[in-house]
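Colleague: In case you want the letters, here they are:
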Amino acid sequence: MTSSDAFISIRNVNKFFGGFQAIDDVSMDIGKGEFFSLLGASGCGKTTLLRMLAGFESTSSGEILIDGQPTADVPPHHRPVNMVFQSYAIFPHLNVRDNIAYGLRKQRLPKAKRQEMVEEMLDLIKLPGYGTRKANELSGGQRQRIALARALILRPKVLLLDEPLGALDKQLREQMQLELRALQRQVGITFVFVTHDQEEALTLSDRIAVMSGGKVLQVDTPHGLYEAPRTREVASFIGNMNFFPATVRRNGASAGAVETEGLGTIPVPLDILTKPDGAPVQVALRPEKFALSDTRPDGALAVQARLSTSAYLGERSHHYVTIDGREEPVAVSTPNLHRLAGDDAGTGAPVWLSWTPESIVILDAE
Amino acid sequence: MSDGTYIRRPNRPLQIYAVIFLIVLYVPVLFIPMFSFNDSIYVRFPLQGFTLQWYGELWTREPVWNALWNSVKVGLVVSVISTVLGVVAARAITRYRIPGKGTMVTFIMMPLVIPGIIFGVALLVLLSRMGVPLSLYTVGLGHLIICLPFGVATLLPRFEGFDPSMEEASADLGENGWWTFWRVTFPMVFPGVVASLLLTFTISFDEFIMAFFLTGTDPTLPMYIWGQLRFPQEFPSVLALSALILFVSFFLVFVAQRLGRAGLDNGNT
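Chains as they are written, first to last, in this note's numbering: chain A, 7 to 372; chain B, 2 to 270.
Keep in mind the hints are simulated off the structure, nothing from the lab. Some hints could be false.
Calculated Cβ distances over 12 Å to all of chain A for the following chain B residues [to be verified]:
id : residue
1  : L23
2  : V133
3  : A244
Per label pair, the in silico range of CB-to-CB distance [stated by the list, open to error]:
id : chain 1 : residue 1 : chain 2 : residue 2 : range
4  : B       : A93       : A       : R111      : 22 to 32 Å
5  : B       : P165      : A       : K38       : 28 to 38 Å
6  : B       : R9        : A       : E333      : 55 to 65 Å
7  : A       : K38       : B       : A93       : 39 to 49 Å
8  : A       : G135      : B       : G103      : 43 to 53 Å
9  : B       : P116      : A       : P81       : 42 to 52 Å
10 : B       : K74       : A       : E69       : 51 to 61 Å
Quick caveat: nothing in here was measured; it's all calculated off a predicted structure. Glycine residues also receive a C-beta, built at the ideal position from the N, C-alpha and C atoms.
For reference, chain A alone in the conformation it holds in the complex (with noise of 0.2 Å):
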């Protein structure tokens, strides 16, 4: 993302409460049109960044562009943005069509025009018909969608999501995973999502910022994220991760390695390695990267290893395994194609633990 087509430009905010440093030095750009999650555990300024946006909260220092605006003395009520709140603030004196239509009273529309958005809202969030229903009849979900309809009437730039599903049971939030999704493409406004549920980041979104302490710590697509995370914290974040001490070994301008704890010498190609001959480094490894057989494969990376305990879970298994010269066991995580030897054996059995070069990420040791 180069800045010229950033939407939203933040650069170098920081937000203290008191002693408290809830932002700590964030730059980013959300380009248009864009699903861009704020993903963190609870405390990781992720809500007060979201904030920051709407215009609830100041920036201590830095500034926020919208649309190329910068939105320092801007009140929330003036600001192209809406929110969906993550009570939803459904208006409990109002039935569900003055909900949705609270922000048009500015507009002077005619009556009749008014209706019509309102249904126009009701039909796109898939409650026809609900118009005169009152807040408190309404299920978590219905509430979860009228607060989308009341903030994507006014048609606003960007639309602010505050963990909107969390209240959500299992089921329907994976329903509501997809509709918003889909709604999000249909009506093409840049979405801002915030959410502490890693796997709802990776469906959701185009671009997940991965938020700690106040800190970005890495900005990227889902596939980015996951398959090339740039710190462990990162890494073990989204999804499993195992990690292996390792060194640099360069074999003069030809030949890149690196030499692990327990997975043996590496081969990787130089221009991965950033580092000189000798440097310590961590390889990391998702679980489902590995592979286990009988007896050892061709061709590939392999070494001996030991069951320790497996974990039948349908369409895959969990298991960890130890190696020698690596107190911690490794976990993997294989599709179920068919049966090992060790599965029945037990724990102890031997089997082989393969991998291959490419599926290595190579971090900065700790």
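Here the structure of chain A is known, so what remains is to put chain B in place on it, guided by the hints.
Modeller: Structure of chain B alone, referenced to chain A:
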């Protein structure tokens, strides 16, 4: 125990205690309406017979109407002002981070426990030092001090009970503070506002001690009753008047209580 859970188990001694408690509390008060229908100017048993004579006498008595009108005027003004101040105070207490908030709330609530006689004397001294003549205005001022904590206490739970993101949602949807107040905040606390109006009006209407110190030439209704107690032949009419005040007060407070809780128990989120 065959019926009822551990918590809901009927407790016979407690029920008896509750009934005795209510009887002891209200029977003395009920003597007032009872004797107001008694066909005798003496308050004693046995009752002499039923009459509406004392109520009829009240109806034709000019000073009673004047005193009633004085009390209503003071009560209306005091209830409106203390409710408006109560809304402002309750909103500030629940919405803003104010240093020393706890202390402030304590001071706002203090008049509830400070004897009225102390406030009355203090205000009388202050006003006479300042050369302010005693009138219904000074009575209203005294009542305001007494009523304000009741207004705040009635409105606080209303403000505490609603999600601050409601007001943020309104701002987010394009309304400034003024419109947000009238379109979201006020409708949501409205039952509390009505409850506060009824309660503070009743308190001002019934108040005696402050009025005793601060009344000028126009008496409020309780002051009028106090004046009439010197004349034994007027006593049955005083009883009739007291009975009326009792019923109106009871009714207003009952409605205020119901309204104050309405909507807090269900579906307010």
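Colleague: Hints first: check each against the structure and report whether it holds.
Modeller: Here's how the hints hold up against the structure:
1. L23: 35 Å, holds
2. V133: Per Cβ check, B/V133 is outside 12 Å of chain A; nearest 43 Å; holds.
3. A244: Label holds. Min Cβ-Cβ 39 Å, cutoff 12 Å.
4. B/A93 <-> A/R111: 22 to 32 Å: Check passed, 26 Å falls within 22 to 32 Å.
5. B/P165 <-> A/K38: 28 to 38 Å: 32 Å, holds
6. B/R9 <-> A/E333: 55 to 65 Å: 57 Å, holds
7. A/K38 <-> B/A93: 39 to 49 Å: Once the Cβ atoms are compared, 41 Å apart, the range 39 to 49 Å for B/A93 and A/K38 holds.
8. A/G135 <-> B/G103: 43 to 53 Å: 50 Å, holds
9. B/P116 <-> A/P81: 42 to 52 Å: 47 Å, holds
10. B/K74 <-> A/E69: 51 to 61 Å: Check passed, 57 Å falls within 51 to 61 Å.
Violation of the numbered hints given earlier is absent; every hint is satisfied by the structure.
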